[in-house]
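Using the sequences provided together with the hints, build the complete structure.
As given, the protein sequences belong to chains A, B, C and D, one line each in that order.
Quick note: the first sequence uses the numbering used here, first residue 17, plus one each step.
Quick note: the second sequence uses the numbering used here, first residue 17, plus one each step.
Quick note: the third sequence uses the numbering used here, first residue 17, plus one each step.
Quick note: the fourth sequence uses the numbering used here, first residue 17, plus one each step.
Among the hints, erroneous ones may be present.
[What the hints assert, rightly or not] Calculated pairs, PhoX-like style, for lysine-lysine (alpha carbon to alpha carbon, straight line, at most 25 Å):
(1) A:K61 x B:K180
(2) B:K169 x B:K148
(3) A:K250 x B:K221
None of these hints come from the bench; they were simulated from the model.
Now for the letters of each chain:
Protein chains: 4
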Amino acid sequence: MTLIKEGDELLLYMDKRRTYKVRVEQDKQFHTHKGFIKLGDLIGKPYGITVTSSLGISFYALKPLIRDRVLKTDRRTQVLYPKDIGYILFQLGIASGSRVVEAGTGSAALTMALAEAVRPEGMIYTYEINEKHQKTARGNIEKSGLMPYVEMKLGDITQGIPEKDVDAVILDMATPWLVVPHAWDSLAGSGVFLSFSPTIEQVMKTVDVLNEHPFIEIETVELMLREITVAHNKTRPKTQMIGHSGYLTTARKVVELLE
Amino acid sequence: MTLIKEGDELLLYMDKRRTYKVRVEQDKQFHTHKGFIKLGDLIGKPYGITVTSSLGISFYALKPLIRDRVLKTDRRTQVLYPKDIGYILFQLGIASGSRVVEAGTGSAALTMALAEAVRPEGMIYTYEINEKHQKTARGNIEKSGLMPYVEMKLGDITQGIPEKDVDAVILDMATPWLVVPHAWDSLAGSGVFLSFSPTIEQVMKTVDVLNEHPFIEIETVELMLREITVAHNKTRPKTQMIGHSGYLTTARKVVELLE
Amino acid sequence: MTLIKEGDELLLYMDKRRTYKVRVEQDKQFHTHKGFIKLGDLIGKPYGITVTSSLGISFYALKPLIRDRVLKTDRRTQVLYPKDIGYILFQLGIASGSRVVEAGTGSAALTMALAEAVRPEGMIYTYEINEKHQKTARGNIEKSGLMPYVEMKLGDITQGIPEKDVDAVILDMATPWLVVPHAWDSLAGSGVFLSFSPTIEQVMKTVDVLNEHPFIEIETVELMLREITVAHNKTRPKTQMIGHSGYLTTARKVVELLE
Amino acid sequence: MTLIKEGDELLLYMDKRRTYKVRVEQDKQFHTHKGFIKLGDLIGKPYGITVTSSLGISFYALKPLIRDRVLKTDRRTQVLYPKDIGYILFQLGIASGSRVVEAGTGSAALTMALAEAVRPEGMIYTYEINEKHQKTARGNIEKSGLMPYVEMKLGDITQGIPEKDVDAVILDMATPWLVVPHAWDSLAGSGVFLSFSPTIEQVMKTVDVLNEHPFIEIETVELMLREITVAHNKTRPKTQMIGHSGYLTTARKVVELLE
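Structure below.
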């Protein structure tokens with residue numbers, strides 16, 4: 017059984033809306049408006065354990081998953097939802113050992129999900145043009161412990177991609193169509209291109225350029241997620257729903273026969 | 017650059033509807049109704065390369081991704097779609113090193129996706145009650161090369177789960193509610209339970225039992241995927257759509273305070 | 017051309033979020049925080065005309081449609097959306113001359129839509145158990161001028177429906193299944209039953225009772241409406257969406273052969 | 017109670033997939049592969065009654081609703097679904113007495129729904145450029161008895177609309193943007209424009225032209241309808257669904273201030 021040890025990051029869960037990411041230290045107290053928690057008391061306990069604050073409120077000590085990190089990530093540049101990230105990871109076909117180019121880094125929510133998917137043997141090359149965003153992203157990745165699997169690059173990916181023979185290129189940026197030719201150069205044969213775009217005009221332009229290059233299986237989809245309330249005599253989809261985050265366009269590089 | 021070598025499995029892609037999974041052998045010919053292909057000629061070539069059949073038809077030699085395997089899997093027991101599998105992998109929070117219990121194995125489509133996600137250091141324990149299904153599943157997993165990460169179990173998971181301290185339990189079976197108590201026992205603290213069910217009655221029963229055990233973050237969602245046709249003056253969602261595959265119910269194990 | 021005349025109700029439209037329903041009187045001023053409007057000046061002008069407030073802000077004088085009234089109706093008891101009302105009217109198959117039973121009246125949003133559909137020769141019999149709701153509803157209907165086509169009934173429709181041979185019965189209430197036997201008695205042969213219910217348990221119970229009576233074409237659907245932003249390089253579905261209002265269950269009365 | 021009389025059109029319902037529209041005549045037999053029915057026997061019976069064929073199969077004698085006519089209409093040019101028609105009727109705000117311009121007539125499915133909504137005092141002016149379509153449409157409308165409320169026009173609506181001061185203009189045609197200026201001329205102040213278009217490019221062009229004219233409340237939506245199977249332990253949305261029929265763009269004419 018994995019036990020909580022000093023230095024671990026964990027998620028203190030009070031209720032669905034109130035969760036707190038903390039690092040466990042022997043003599044540290046974590047203060048909430050519901051009393052404080054002696055973090056040292058958690059050392060040696062199993063994950064999932066209940067801990068009571070000085071005011072008698074119960075918290076659960078959860079092991080942070082990547083989806084917790086994504087949701088807790090600085091959201092200023094965040095538009096991707098779990099429904100999209102899950103689909104992206106699966107469509108990219110990446111796993112331990114994969115080498116992936118990403119742009120832009122943003123808050124690194126997707127970067128961390130990609131790094132978790134390719135560790136311990138793969139690498140994410142993530143491009144960001146905005147230095148301030150990159151700094152925020154670096155902090156997020158460092159806290160997650162995933163930095164060994166990430167190479168952060170400050171620069172404009174529309175100018176070219178030096179990495180070659182990569183397994184996948186994933187774009188969440190304003191002008192993905194400008195990257196398509198570089199993505200083809202960078203990808204290994206049979207590698208996967210994926211672009212996430214909120215507007216249909218972005219999709220149209222990207223698909224136009226994809227069609228001009230040796231890509232096959234060019235497809236665009238959108239995902240809708242509906243939450244369901246399940247309770248006796250009250251079972252029903254929730255009234256509010258996210259109607260749109262973005263379109264997901266995928267393609268696969270081929271190499272035309274030259275004889 | 018990874019080159020095609022003898023013994024590799026690859027996907028011969030003619031068009032979206034006609035793709036063929038083949039194993040490369042020096043002196044083997046692959047016959048289609050569009051002529052035959054000398055597979056030996058592909059050895060030493062890069063993935064993604066075009067190959068021409070004896071009747072002059074072009075095929076692309078793609079590296080099979082897990083999503084290709086899922087789609088190519090024997091579909092007799094298959095109900096999961098890529099939209100669901102991507103979401104499942106992300107919600108489960110699994111990665112290299114994770115230990116996961118699955119039931120039922122079915123055709124092993126999800127088993128392979130899980131194994132790909134946890135390799136090289138994790139393990140999938142997959143339960144199937146139907147011996148014939150298990151045999152089909154074994155064939156699929158063996159071809160994928162993922163068998164080192166899978167332990168196949170023939171038996172009824174509603175009778176108990178001997179594996180303990182696992183990171184996740186994922187159920188795609190008729191009576192998931194009967195497994196909930198065993199899933200709680202089997203999961204490590206903070207571990208994730210996920211059940212995929214086509215009907216709302218299954219969801220209601222499963223959530224009822226989840227509520228009777230120390231689980232938090234009990235949530236049910238459904239995912240809808242719409243394909244978009246992108247073409248000049250013809251851009252629009254496709255007319256036909258899959259309206260429903262199943263509901264996805266997740267929860268997280270906690271350990272109540274005992275003092 | 018229909019011109020605005022004294023006594024007309026009209027809709028002063030400033031922008032999408034700010035519209036005001038007013039009655040035109042010769043010497044009345046309508047005050048907004050953007051200045052006042054002399055309503056008498058509108059008499060003899062065509063609908064759709066621009067009118068400028070004392071502070072120089074433009075308003076449009078629109079002719080109120082039923083959908084304006086529905087949206088402007090007191091929303092305390094309102095759960096129906098235009099997407100649902102349009103579908104209800106079409107599925108009920110009602111038109112001028114139809115006789116329709118409705119319960120509950122609520123704020124009369126649907127009542128007014130029904131009355132508008134059956135005028136000048138039909139009649140809506142609308143049941144409400146809550147006297148306060150009925151009073152609010154009466155005010156709404158009177159302002160709309162549709163009272164000649166509505167008979168308001170204070171009482172519990174689960175106790176029976178005295179009207180016979182009606183063309184349609186439409187229910188938006190907590191326990192529609194208790195009304196199904198009375199609806200069958202009340203409907204003309206071939207008449208339409210429709211129930212709007214937020215929860216799936218309500219639907220299950222209602223369909224159970226429908227199945228026990230001579231009804232055919234028993235069907236349940238749900239409608240989702242997505243708004244699309246259309247603007248240069250910004251075309252996309254809106255982020256926020258109503259994910260669920262209610263399920264719509266329809267059926268048609270038949271008379272079993274008795275020989 | 018309305019009884020079936022000679023000359024009535026009725027719908028013989030065998031099951032969901034097998035319904036037949038017939039005209040009642042004293043000495044006519046209606047032949048199906050399940051035996052024949054003596055239609056004269058139905059005269060004087062109430063609607064909804066069961067009738068048994070010569071082979072002992074039960075049929076129900078239903079009164080045809082507009083939605084039955086829409087579904088039974090020649091579908092060669094049909095793209096509108098009940099979900100869209102209901103929404104269109106409600107958004108147009110039409111009722112008895114309304115005058116409406118429609119193009120194209122197509123098979124007249126929507127024409128009949130419009131006519132039913134505006135009778136007994138309104139009029140539908142429906143434009144069709146294809147003489148063969150118009151002929152089919154005429155047959156459909158005549159059988160429905162709604163011809164008194166329809167004026168059929170053979171011609172190209174992009175060349176202008178002679179009708180003035182109409183309450184609504186509804187377009188289901190390839191190039192709605194070419195009609196927008198004529199629609200503005202034709203509409204009464206405050207009147208409603210609505211266009212149904214399958215592709216987003218049509219929507220973009222139409223909204224562009226709407227924005228150049230005095231229209232307000234320019235809005236585009238799409239409607240998705242999901243059928244739900246309701247049965248003990250099998251309750252769930254159906255697997256197959258119509259993912260897209262078309263976008264619905266509405267606007268309302270205003271008259272800019274001229275002082």
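For the pair supplied as a hint, K61 (chain A) and K180 (chain B), is the alpha-carbon distance within the 25 Å limit?
-> With a Cα-Cα distance of about 17 Å, the restraint between K61 (chain A) and K180 (chain B) holds, given a limit of 25 Å.
Taken at face value, is the distance from the CA of K221 (chain B) to the CA of K250 (chain A) at most 25 Å?
-> The given pair, whose Cα atoms are some 14 Å apart, holds under the 25 Å limit.
Take a quick look at whether K169 (chain B) and K148 (chain B) sit within 25 Å of each other, Cα to Cα.
-> 13 Å, holds
When the structure is compared with the earlier hints, no violation turns up for any of them.
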